[in-house]
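Residue numbers (the working numbering), protein chains in the order written: chain V, 603 to 797; chain L, 603 to 797; chain U, 603 to 797; chain F, 603 to 797.
A hint or two may mislead.
Using 20 Å as the maximum straight-line C-alpha spacing, the simulated EDC-like pairs for lysine to aspartate or glutamate come out as follows [claimed, not checked]:
| no. | chain 1 | residue 1 | chain 2 | residue 2 |
| --- | --- | --- | --- | --- |
| 1 | L | K628 | L | E640 |
| 2 | V | K628 | V | E699 |
| 3 | V | K628 | V | E640 |
| 4 | F | K628 | F | E640 |
| 5 | L | K628 | U | E699 |
| 6 | L | K628 | L | E743 |
| 7 | U | K628 | U | E743 |
| 8 | V | K628 | L | E699 |
| 9 | F | K628 | V | E699 |
| 10 | U | K628 | F | E699 |
| 11 | U | K628 | U | E640 |
| 12 | F | K628 | F | E699 |
Label-pair distances were calculated between CB atoms; the ranges are [as the list claims (entries may be wrong)]:
| no. | chain 1 | residue 1 | chain 2 | residue 2 | range |
| --- | --- | --- | --- | --- | --- |
| 13 | F | K748 | U | F645 | 28 to 34 Å |
| 14 | U | K605 | F | N734 | 44 to 50 Å |
| 15 | F | H631 | U | F645 | 29 to 35 Å |
| 16 | F | G634 | V | L638 | 26 to 32 Å |
| 17 | V | I723 | F | N632 | 29 to 35 Å |
| 18 | F | R701 | L | R701 | 38 to 44 Å |
| 19 | F | G634 | U | I780 | 54 to 60 Å |
| 20 | U | R747 | L | I750 | 45 to 51 Å |
| 21 | F | N766 | U | R747 | 39 to 45 Å |
| 22 | F | G634 | V | I719 | 36 to 42 Å |
Hints are computed from structural coordinates only; laboratory data are not their basis.
Remember, predicted model here, so these are calculated numbers, not experimental data.
All residues carry an ideal CB built from backbone N, CA and C; glycine is no exception.
4 protein chains.
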Amino acid sequence: MSKSRLEAFSDGVLAIIITIMVLEIKTPHNAGWSALREIYPYFLSYVLSFVFVGIYWGNHHHLFHTFQNINAGIIWSNMNLLFWLSLIPFATGWMGENRFAQNPVILYAGLLLTCGISFTILQLCIQRVNRNNPQLMQAFERVMRKGIFSVVCYSLAIPLAYYNTIFSGVLFVLVAVIWIVPDRNIERALGKYNG
Amino acid sequence: MSKSRLEAFSDGVLAIIITIMVLEIKTPHNAGWSALREIYPYFLSYVLSFVFVGIYWGNHHHLFHTFQNINAGIIWSNMNLLFWLSLIPFATGWMGENRFAQNPVILYAGLLLTCGISFTILQLCIQRVNRNNPQLMQAFERVMRKGIFSVVCYSLAIPLAYYNTIFSGVLFVLVAVIWIVPDRNIERALGKYNG
Amino acid sequence: MSKSRLEAFSDGVLAIIITIMVLEIKTPHNAGWSALREIYPYFLSYVLSFVFVGIYWGNHHHLFHTFQNINAGIIWSNMNLLFWLSLIPFATGWMGENRFAQNPVILYAGLLLTCGISFTILQLCIQRVNRNNPQLMQAFERVMRKGIFSVVCYSLAIPLAYYNTIFSGVLFVLVAVIWIVPDRNIERALGKYNG
Amino acid sequence: MSKSRLEAFSDGVLAIIITIMVLEIKTPHNAGWSALREIYPYFLSYVLSFVFVGIYWGNHHHLFHTFQNINAGIIWSNMNLLFWLSLIPFATGWMGENRFAQNPVILYAGLLLTCGISFTILQLCIQRVNRNNPQLMQAFERVMRKGIFSVVCYSLAIPLAYYNTIFSGVLFVLVAVIWIVPDRNIERALGKYNG
Chain V
603 MSKSRLEAFS DGVLAIIITI MVLEIKTPHN AGWSALREIY PYFLSYVLSF VFVGIYWGNH
663 HHLFHTFQNI NAGIIWSNMN LLFWLSLIPF ATGWMGENRF AQNPVILYAG LLLTCGISFT
723 ILQLCIQRVN RNNPQLMQAF ERVMRKGIFS VVCYSLAIPL AYYNTIFSGV LFVLVAVIWI
783 VPDRNIERAL GKYNG
Chain L
603 MSKSRLEAFS DGVLAIIITI MVLEIKTPHN AGWSALREIY PYFLSYVLSF VFVGIYWGNH
663 HHLFHTFQNI NAGIIWSNMN LLFWLSLIPF ATGWMGENRF AQNPVILYAG LLLTCGISFT
723 ILQLCIQRVN RNNPQLMQAF ERVMRKGIFS VVCYSLAIPL AYYNTIFSGV LFVLVAVIWI
783 VPDRNIERAL GKYNG
Chain U
603 MSKSRLEAFS DGVLAIIITI MVLEIKTPHN AGWSALREIY PYFLSYVLSF VFVGIYWGNH
663 HHLFHTFQNI NAGIIWSNMN LLFWLSLIPF ATGWMGENRF AQNPVILYAG LLLTCGISFT
723 ILQLCIQRVN RNNPQLMQAF ERVMRKGIFS VVCYSLAIPL AYYNTIFSGV LFVLVAVIWI
783 VPDRNIERAL GKYNG
Chain F
603 MSKSRLEAFS DGVLAIIITI MVLEIKTPHN AGWSALREIY PYFLSYVLSF VFVGIYWGNH
663 HHLFHTFQNI NAGIIWSNMN LLFWLSLIPF ATGWMGENRF AQNPVILYAG LLLTCGISFT
723 ILQLCIQRVN RNNPQLMQAF ERVMRKGIFS VVCYSLAIPL AYYNTIFSGV LFVLVAVIWI
783 VPDRNIERAL GKYNG
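Model the full structure from these sequences, guided by the hints.
Pasting the structure below:
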């Protein structure tokens with residue numbers, strides 16, 4: 603029961619984060635198609651952030667599916683993750699407003715890196731409380747390789763942005779694709795707990 | 603249990619989409635009735651979008667009522683639907699700001715078309731996982747005729763907007779009416795799973 | 603289960619309505635106390651609307667506690683109520699922006715009247731589906747006298763605003779007080795279903 | 603069941619409060635790091651308020667875990683707490699906008715004090731309805747010492763702001779730390795109801 607309220611609160615915060623980002627796409631004052639062309643960097647950064655927050659929701663959902671016991675450490679490391687995720691609309695807006703300029707892209711990569719680290723901290727807190735839970739271990743293993751790959755990509759995206767922000771953008775898309783494309787293990791694991 | 607979190611997240615996103623649209627109706631700075639007359643295109647487009655998002659909530663609710671098993675495909679096709687729906691406040695604002703000018707109306711029709719297609723994709727993903735579910739089949743059949751009719755109307759609304767946006771508006775209202783007016787089949791189906 | 607999603611969606615929309623209203627209170631650009639004095643009409647109208655939306659949440663909660671069967675009519679009359687309630691932030695902002703000028707106060711009274719009528723329509727839809735439910739009948743009776751009193755007050759507030767908006771304000775406060783002050787019947791009814 | 607809707611509504615409002623505050627951090631129009639330096643007071647006040655709302659969510663969660671019976675008094679004292687918490691985004695924005703000037707800091711301290719008192723009123727309402735509940739008593743005792751300490755700190759922060767707002771800031775941070783740092787009692791109590 604405790605866990606369900608923590609999930610409900612996290613769902614609420616994630617739903618709001620993912621939706622208020624759209625407010626950064628300002629309504630153009632004229633009706634020409636050129637008005638849409640002008641806001642396309644906002645749109646592009648919105649798509650990217652929507653996908654990342656969506657991935658976090660999916661991983662959060664899978665992670666919390668596996669265990670029952672919560673404590674203050676889990677509550678606060680979850681709050682920590684939500685805090686960094688709540689800054690994504692700001693970083694998204696800054697990146698869109700300045701058409702993927704160097705500094706905003708660096709901030710964005712740094713924020714994604716911090717979110718990734720915060721998710722790992724949450725995982726460790728959950729692991730400490732729910733030892734000897736084979737389902738949790740399995741979920742961890744599955745996420746770990748992708749998680750390490752993501753963190754490496756984010757870390758590379760920061761120095762590469764000094765060279766050319768296109769490279770950072772490619773790395774962001776790469777990470778997103780890695781998480782969205784269904785791997786057979788995920789499908790099988792999901793099939794197991796449903797069927 | 604998995605399904606309930608997916609529903610909760612979708613409910614959250616839909617509730618926020620439907621409510622933040624009202625922020626597009628800017629508070630007039632003077633107290634005359636004429637100030638209200640000026641914002642009536644915002645109001646009109648808000649009403650239209652409120653009804654469409656409401657219809658999507660209703661259909662989502664009915665669809666998810668019928669099955670139990672979810673997988674990554676359902677999660678991501680649901681996320682895809684939510685993404686396109688999350689752009690409705692923007693399209694609504696653009697249409698209101700420019701008093702139902704040609705381009706915004708075309709964008710709006712195109713967005714509704716994309717949402718309709720995304721809903722169909724979600725249905726197909728659900729069908730693939732939940733084969734041989736007679737309740738689901740029945741729900742599909744019920745939605746299919748109305749769904750095809752809607753997609754045809756949205757598709758017609760795009761070229762017709764080049765001629766006169768009034769025709770597109772009439773088609774939008776027609777689709778909304780078709781979904782809201784209770785048909786006996788829906789009533790009976792609902793009576794069945796309640797009684 | 604169906605009912606629980608309808609409640610969850612309504613809770614979401616009401617929670618957002620009640621909270622986004624605070625965004626109408628614009629952050630003053632200077633730090634003097636006089637800056638706060640300037641926004642006090644916003645604050646006052648926010649308090650009023652917070653209380654009214656809070657009352658609607660309370661009544662919605664009590665009403666939905668009493669019955670089980672829902673149908674399309676209930677879903678749509680609930681959507682209709684949420685629509686009118688979603689306009690409260692706009693009416694609140696207009697009233698605050700124009701310091702309780704005549705027209706905004708009339709619009710506000712008219713909106714509250716429409717919300718009151720929409721709540722009654724929802725009640726009638728629920729009653730039609732859930733006949734012979736003594737608990738529902740009891741809840742209806744309890745709400746009816748207060749409901750009629752409120753609708754009369756809102757109706758009086760409209761013509762009185764042409765004379766002096768203070769009278770309308772007094773009527774708004776009166777209605778709010780009537781609903782908040784616990785009457786023994788409510789307490790007893792509540793005690794009954796808890797104890 | 604009644605309680606669960608009250609929790610859901612409170613979770614929704616708290617999730618929105620904690621997330622819309624980020625909208626106060628305006629997107630800078632240029633891409634220089636100096637643009638970020640300019641908004642750091644917004645960021646700082648956001649962090650502070652995020653932590654405080656997070657603490658309230660945690661305490662609300664723990665409190666509601668312990669009892670079952672609700673009545674109109676609990677509903678309204680909960681609504682009262684949510685009202686004061688809903689003003690935190692405004693006070694946060696004013697404090698950030700004016701870089702921790704005297705008046706906004708005083709308002710912020712006063713608001714936190716009012717929230718603290720409102721939480722105590724909610725506790726008393728819960729206690730009146732749920733007498734002889736040892737789990738509730740234990741939860742009260744745990745929160746009481748920290749609660750009294752917080753209220754004393756907020757009360758001191760008001761006069762100290764007239765001297766130097768740094769002192770008020772230190773007190774805010776002190777209160778936040780007191781609540782976040784896990785004390786063994788909390789851990790043990792949590793371990794008890796989980797294990």
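*When you check the alpha-carbon spacing of K628/F and E699/V, does it fall within 20 Å?*
Between K628/F and E699/V the Cα gap is close to 11 Å, so the pair holds against 20 Å.
*asked:* Check whether the Cα positions of K628/F and E640/F lie no farther apart than 20 Å.
replied: It holds: about 10 Å lies between the C-alpha atoms, which stays within 20 Å.
_Given a hint of 29 to 35 Å, does the C-beta separation of I723/V and N632/F actually sit inside it?_
About 33 Å separates the Cβ atoms of I723/V and N632/F, which means 29 to 35 Å holds.
*Pairwise hint evaluation, E640/U against K628/U, where the allowed Cα distance is 20 Å at most*: Holds, at about 10 Å.
_Verdict for R747/U, I750/L (Cβ pair) under range 45 to 51 Å_ = holds (49 Å)
*Could you tell me whether the CB distance from K605/U to N734/F stays inside 44 to 50 Å?*
For K605/U and N734/F the Cβ distance comes to about 33 Å; the hint is violated.
*Regarding the pair K628/V and E699/L, is the alpha-carbon distance no greater than 20 Å?*
holds (11 Å)
*Would you say the C-beta atoms of K748/F and F645/U sit inside 28 to 34 Å of each other?*
holds (30 Å)
*asked:* Quick check: does the Cβ-Cβ distance between G634/F and I719/V fall within 36 to 42 Å?
replied: Violated, at about 26 Å.
_20 Å limit on alpha-carbon distance, applied to hinted pair K628/U and E743/U_ = Cα-Cα ~41 Å, so violated.
_Pair hint K628/L and E699/U, alpha-carbon separation not exceeding 20 Å_ = Distance of about 11 Å is within 20 Å: holds.
*Hint says 54 to 60 Å; check whether the CB-CB distance for G634/F and I780/U agrees.*
holds (57 Å)
Of the numbered hints given earlier, the model fails hints 6, 7, 14, 21 and 22; all others are met.
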